[in-house]
Amino acid sequence: MNPALRLQRALQGWVLLGLLSFALLPWYFLQQMSLMDALPGIWAGAETASGWVQSSGHGRPWLWSGLAGLLVCGLAVLVPWTARTQGWLLLLGSLIGLLGLLGSGFAIGATGWVFESLTTLWGVLPTGQYGMGWGAALVLFSLVVLLGAALARLGAFRGDVFVASAVVLCSALLALFVVYPVLRSLVAAWVDDTGAYAWMHLLERVATERVWGFGCVQGAGRCGVAWNTLWLAFITATGTTVMGTLLALWAERGNTRLAKPLNILAMLPIITPPFVVGLGLILLFGRAGLFNQALEWAFGVEPGRWFYGVFGIWLAQMFAFTPIAFMIMRGVVQGVSPSMEEAAQTLRASRMQTFWTVTLPLLKPGLANAFLVGFIESMADFGNPIIVGGQYAVLSTEIFFAIVGAALDPGMAAALALVLTGFALAVFFVQRQVLAGSSFTTVSGKGDAGVAMALPPAVLRVCRSIAGPWLLFTVVVYLFAFAGGFVQTWGRDFTFTLGHFKTAFDVQLGEFGWVFAGTAWKSLFTTLSLSAMAAPICAGLGLLMAWLLARTEFRGKAAFEFSALLTFAIPGTVLGVSYILAFNVSPVELTGTGLVIVLCFVFRNLPVGVRAGTAAFKQLDRSLDEASQMLRASTLTTLRRVVLPLLKPALVAALVYSFVRSMTTVSAVIFLVTAQYELATTYIIGRVGNGDYGVALAYCTVLMLLMSVITWGIQKLVGQRQLGRRTAASTPA
Amino acid sequence: MGIQFKQVTKRYGGADSPLVVQGIDFVVPKGSLTTILGPSGCGKTTTLRMIAGLEAPTGGQISIDGVDVTHLGPSERNVSMVFQSYALFPHMNVIGNVRYGLDVSGVHKTEALERAHKSLALVGLAGYEERLPSELSGGQQQRVALARALVLEPSVLLFDEPLSNLDARLRRSMRDEIRHLQQRLGLTVAYVTHDQSEALAVSDQIIVMEAGRIAQAGTPQDLYERPASAFVAGFMGEAVLFDGQSLADGSVQLGPLRLLPRHPVAPGAVRAAVRPEAWLVGRELAGGEQPAQMLPAQLKQCAYLGSFFELTFETELGPVFVVSPEVERDWRIGQVLALSLPGQGVSVVAV
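Here the protein sequences line up with chains A and B, keeping their order. Just so you know, the first sequence maps onto residues 1 to 733 in my numbering. Just so you know, the second sequence maps onto residues 734 to 1084 in my numbering.
Same shape as in the complex, but just chain B (with noise of 0.2 Å):
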């Protein structure tokens, strides 16, 4: 068991300030790595620094590997944390940051430095020890943060947004280092971010969070091709929601399109939440047609992104947002053409 959360709450300020962690329960099964993703203003910093102490929570009850930490503070936890900005001490070199933990806990000189230089190896900075921290790049002052924090060897290691402040090129390649010395050292990492394609790439769980609760939480298989509600589906994959109705027979009608759903719902109004991809272009339209299980649309919108086309189309849905691989083809604004869903991508929820 690694972290666990009972029914915690958290509100700033007095009894009738609201509260912006509503009761929320969950587990970081341990030397797992579990996401917390969500819009900002979710919710999910504050838990976040509950687990690390930085925050006492206003009820309810946190364990790390099955002690009771909730009224313990930061020092007292064996937590470890890595900063959104880093944080490193700008007066101490790169050795100075790193070893910082073990001098302040009373670790001999000797030791603490023998550790120190492992853990910068680990994460590939040695021969950088006499560095300060604003002669490295931003790539290097993460990996100090992330030197520096598991060096205590922590049972919980806890990332806040690590990679906003860098650019896409190293953000993928940190992403992956992250992610490859979790695996290695059998870490156990919560890690907040608000990019589900971040979230989806390293996680063994995915905790979506709204408005202080969990909308769901699952692997990322679950929460992408599964979406327990519109918001989750929306927030996952950019799906655009539409109003449809389940049939009896256990088919969804669409307009003009009928669905078989993966998953069975009850007969009534329901919502298909439907991403980008899962719209096939088919041929253009005369005017007028009208062909089966087919959805007439008007190109309203064509954007070229190299790899493929961002489409807008205007239906009797309402406005349809499809990602067409086809860069071949010869886009007109003005055209009709006819949309299909030959059946993955697509996601029911009920209403």
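Same shape as in the complex, but just chain A (with noise of 0.2 Å):
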């Protein structure tokens, strides 16, 4: 089959799929029941009708435009007409379909138009809509496929049907689940309780006392938000860098065998719940914490809640973020040229000379990077401010309480949502140009002969004499955390017990079989399957947004890559609060299911996928593509033949780190949870609430414990895969 005739197939596909789902599917969202019980319903009920029989019998005749779409694009793959004509056809065809079906989405509600100004225009409406559902869902997907066909048949995207559509088609999806969430959340902030906007009410949310005010400098109360968060990010990310710096200086250039424990270490943070260090500290200065008890029982002194506040942060921070900054140094302290130090050295400059005038300065660029990266991680930071925060408040817990406390004001939460995005989009920019101005850094793939320099025995000694007790006490707070679970009530009565795994995690044999008794049996498993399903749609889409990146060249390139890395810098909080926000009214009602929360999962991580593909492409010759697309491969045939068998380590790597992600993040679903969804981490959040640390440290336990196992278990299958190729390399033929 030719190339022409294989994509005329495709293209009427793409119609048919959009012309079934018009006329088979339940075309609104199903809120009670599943799609099968709903596919009977079809022809009846306005609930459960098709497109085709809303339009025609429900009084909804908007829904005609999608298949008017529809139609024109079915002509224009019924029979082969020049590229241009087929080209110009099916962009109508989609256009007309999208603009009609989103259009009329957005303008009409449940009740009717959803503006004031549309019905004195038009008349009031006898019936509105609810959200869009599975009909609905694939009329657009297979409309934008065949938009992004139309650009490439016009002779965009180099020709290539898929690229265009995949473009097309990821674009489409970060428009709606990144940009439009967080743009309508904080249009929220300008918007007063009757629903008028007004700079007015931007400025009396924003310009307050509680937010900028300078009480702590003047010695008179306390100090707005925005400087709290800034000053905590500052120490944070400052902490972090000096100490992640000193550990790979240490690790890579200290002639020790630190690099094993190190790399656990590194590990660390992304199998944690990002909670459980700030809950090892408690057990260790809290108000019950062995601390304050050595201190009353030697010298009488009565126990308080010191530790609570801007250094129980920052030093819960510090533990969480250090093996962050630990990484990036790592990969830039191996970066630099050994050969470059030899240089140095063969010019008379000694070790220390050597240090300061040349490995120092070419680290600068990645000390810049971990610094700025910090500074990101502990704004967007929410777990630990908030059971460590006492009386200092930052952003993202004062967004959380905005929402869930008593005041309860949308508005408020979207404003202050509004300056944390603004301090996060200003670092993201900053990092991005530091990124960018970095080059020379950059490892070529040219083998380096030289040997790495030893470091000067002065700074060796700094690096052994910070770093070293750090580790020891990081060590000593996981095990705490580790040992909580395990004692009857940490404080009082330090006896041993397993009665919080009982009551968290029992399991009876009752008259029905086995039961699944513990409390916290039901969150586990909604984690589990939440998390599961989200990592391969988040994998899948971020190593195609990375090759989209790393192998084709579009127009809009550059925007397109911001916003695929957008979520990184969209501190969780906000992106919680941008979802409740813009899907809980039609036309994408989504509030209060579990896709929902799955598509947080999906979107939260996803710069994590594209960041992973990114690095494989990078190692991936590029000749490798185009020497399959020599040999008459299709777009498609290069992907699934040569780039995805090659980018298998990559693929399961960004599984992995989704999978574990999604089980341990917290910020962003903490808002999106229901008693129908709640997930591992808000329940433990709940439980540290109540004070009842035993069941959530033997509840962390066993998350941590779980990861690894997950964790190791696919890495052991990765690593499997390059020794069979070894072996395989060995064998004489």
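Hints listed in this document are in silico derivations from the structure and should not be mistaken for laboratory results. Worth double-checking, as some hints may not be accurate.
Unchecked claim - Here are some chain A residues pointing at chain B (derived, C-beta under 8 Å):
1) S623
2) A627
3) Q629
4) R632
5) S634
As the list claims (entries may be wrong) - Label pairs and their in silico Cβ distance ranges:
6) A:N263 <-> B:S906: 44 to 52 Å
7) B:S897 <-> A:A454: 32 to 40 Å
8) A:R84 <-> B:S796: 17 to 25 Å
9) A:R640 <-> B:R902: 37 to 45 Å
10) B:R902 <-> A:A343: 32 to 40 Å
11) B:R917 <-> A:P3: 29 to 37 Å
12) A:E553 <-> B:K1033: 46 to 54 Å
13) A:T346 <-> B:Q1026: 49 to 57 Å
14) A:A454 <-> B:E910: 47 to 55 Å
15) A:E553 <-> B:M734: 29 to 37 Å
16) B:Q916 <-> A:A259: 53 to 61 Å
For clarity, every value in this text was computed on a predicted model and none was experimentally measured. Cβ atoms here follow ideal geometry from the backbone N, Cα and C, with glycine treated the same way.
Both chains are given apart, each in its own frame, so use the hints to dock them into the complex.
Written out as structure tokens, the structure reads:
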């Protein structure tokens, strides 16, 4: 079959999919039933009817625009027109469909017109509509693909229909699930209770003493949350950068056998829920903590809550984010070419001089990057401030309390989210600038025969004396976090018990067979299944975007890349607020479902998949793709037969990472959980809120063990694959 | 008619970015081997990738066998390419690599296998079917890449610096093998290289490119003996350029030397490109002696290279680079010798 015919068939298939979905799938969102239950009802009631029936029998004629668009597209692919004619027809059809359906979707709500002006213009609409469901989603999907095909047929994307459709589809997804909710929630900052827009509302909410006050500097009262957030982010970023650099230098250049334990340390924050460190620190320094108890025993000091506050958050964040700085700096230290240092030494520089004049300047962009990443992470952190923050308010927790607290002020939450997003985006822009300007440290593919210089003794001593105790301290904190799950009541009754595990994970043999009687089972199963659903979508979408970014050229690529990595900069709390504000009304009504949690997981962790893919494509010679294309393979075949098999390790890494991050995320989903879909992390937060540390820590222990096993198992699987290749390579032919 | 370029231009980026290829025209006749030669950055690889369809030209027209392929993708042109890095798929064995193109174009399995075997035999690799690319030497990988390209029976075969990853000895035998295969199968080949001796050895036609333009196109003899510009002369034969004067009687005055150019040049200022092997080193001159038709030259440097000497002289024309086969002679730094140009190896171009 020649390529032109193959393309024709594929496009016909997409049109057919759209038409079938229009005719045979329930158009609107099914509130109560599953798709299977609803299918018999597509010819019947307004709840379950298909698009065809909705528009012909239920008084929703605006849905005809979808059918009209699909029919024009059908005409375009019926006979082999010239590329340009087909392109124009497809463009016309897909735009009619998309604009008609999306326009009506946003303009017509459950009770008729959404906007007053439309009511006065066209009169009252007798029937409204619900959120979009299966039928609508699939029709829109096929129309988006056909729009991509139209652009390709008109000559964009070098005529490659697959690339064009992929770009248009990914852009549409990013627009719907990242840009739209974030914008929508930020706009809420301008709206007052009656729904009127005004700059005044924003000013009233943002320009207040509570946000920008200087009370603490003037010696009276507290500082505004904005300053609190920035100050915390600054000290955390500085601390983690310094500590991460010392650790990286020590591990890479100190001639120690630290590499392995440090690698485990680097993995820890990935598999630990973000507040485990905070809990461990509470067990040490909290009111009932060992430190205070010892003080009381020795000196009779009354135990206080001195630990809660900026110092507590800072310490917890240091533990949580130093490994991230370490990973960044380790990469940069490895990237410093040893021959540069050898050159300096042959030019009569001493080791100390080489370190200050060559090694450190080469590390500078890496240091800046580590600092900025620490800054963003600290601002976005929610788990630690809420556990050990005490009276020290930061933006991410304030947003949370504005939504769930007694005030229930979505406008205030949106205004604070605007401030936080502004900060995060500013840092994100600076970080991209720094990374763009640091090309001289990138590792070339060429081998470097040099041997890395050992650290000057003085620097090594500094590394040892600061990073060494730190490592020890980290281990102690984690041990305490583990131990907390095994004692009766921390601080009062240190008897060993498995009671907390029993409360959470009890399994009983009842009259109906095995029953998961523990209180935590439900949230664990929910978390596992939702994360398992999100991980493949996230990894697949991330790798597809990485491929588009690495291997194709198209107009608007910079904007595309920017929005793909944007969710990294959007703090989780903001994303969570955005999702509830944007997706609790039609056309996309998802609040309260498991789907919205899955979507939140997917788009929150998308940058991880994109980055894993980008790193993998850097190692994959571009000429392999080109060779496959030269051998008459289509783009899709090339992806399937050459790129994907070679990318398997990256795919697995992306899968694991997005799965594990979904399991441990808390800030974004804390607004989205319902009684039906409670997650592990929110369950634990709830327990901590009740002062029930034993169960919380027992649950943390189980989570960490579970994720270690999963990560280890999948890595083992990847390792075996590489091993198989090596043994095959050694067999003589 | 094999490949034809009509006023093809290419720029990367927006309309204000510079043209990498600035409107080139050339023809690669069917069944011939044409090399595109030039220094790095001259646009030769871009040109090859435009033939392949991996880059779309900004303007102009490309046709292959009389069909306009300007807007076709690589898989829609009947073209194969051997990459500089070979680009063998590391997760497939040799036979899997070779039959890949047949598989994805829907050729029946047994036929694909048979044709892949034939193609492997053609490059002398029968019996290596089950090996992985990582288990092959550089030369063998090169042959697999060649077999993979040939198996599709393309109307045009492209080579992107195919020998640059091989050592010197292997390079020569591989070069001869490519030429031999091309002549035996009557293939139309476009071949990119920056090595002029490689180009001279394999080509029917050489196209020398300079900064996105074609400096000269012609047979190897044309380019070597009758360079059209100083750049081509310098690039083709490491010739050194001297300023001279063309006289009314058709001869050219070059310092004390007077030569008769092979092609008549208009009177006026000219440049003479003299290849290092054209100089004849004569007897040693006594102090101040100035014989007719001789250029006194003081030896500054000499390097022994086994079968010949490389000598650098200081003369009134400037430094002169000479290759001399007289390995027995006793060269001494500082001695003054008489240089002459007996005729061959000099080309004169107008300024």
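Results for each hint:
Taking 8 Å as the C-beta contact cut-off toward chain B, the hint placing S623 of chain A at the interface holds, the least distance being around 4 Å. The closest approach between the C-beta of A627 of chain A and any C-beta of chain B is roughly 4 Å, which is under the 8 Å cut-off, so the hint is satisfied. Hint status for Q629 of chain A: holds, given a least beta-carbon distance of 5 Å to chain B, under 8 Å. The criterion of a C-beta within 8 Å of any C-beta in chain B is met by R632 of chain A, whose closest approach is roughly 4 Å, and the hint holds.
A distance limit of 8 Å between C-beta atoms decides the matter here; for S634 of chain A the minimum to chain B is near 6 Å, and the interface restraint holds. Between N263 of chain A and S906 of chain B, the C-beta spacing of about 48 Å keeps the proposed range 44 to 52 Å intact. Distance hint check for S897 of chain B and A454 of chain A: the Cβ-Cβ separation is about 38 Å, which falls inside the suggested range of 32 to 40 Å. With their beta carbons about 20 Å apart, R84 of chain A and S796 of chain B fall inside the hinted range of 17 to 25 Å.
The hint said 37 to 45 Å for the Cβ distance between R640 of chain A and R902 of chain B, and at roughly 40 Å that hint holds. A hinted range of 32 to 40 Å holds for the C-beta pair R902 of chain B and A343 of chain A, which are about 33 Å apart. Remark: the range hint 29 to 37 Å for R917 of chain B to P3 of chain A is upheld by a beta-carbon distance near 31 Å. The given range of 46 to 54 Å is respected by E553 of chain A and K1033 of chain B, whose C-beta atoms sit roughly 52 Å from each other.
The given range of 49 to 57 Å is respected by T346 of chain A and Q1026 of chain B, whose C-beta atoms sit roughly 52 Å from each other. In this structure, A454 of chain A and E910 of chain B meet the distance hint of 47 to 55 Å, their C-beta atoms being roughly 50 Å apart. The beta-carbon spacing between E553 of chain A and M734 of chain B, approximately 31 Å, falls within the hinted interval of 29 to 37 Å. Q916 of chain B and A259 of chain A have their C-beta atoms about 57 Å apart, which keeps the hinted 53 to 61 Å range intact.
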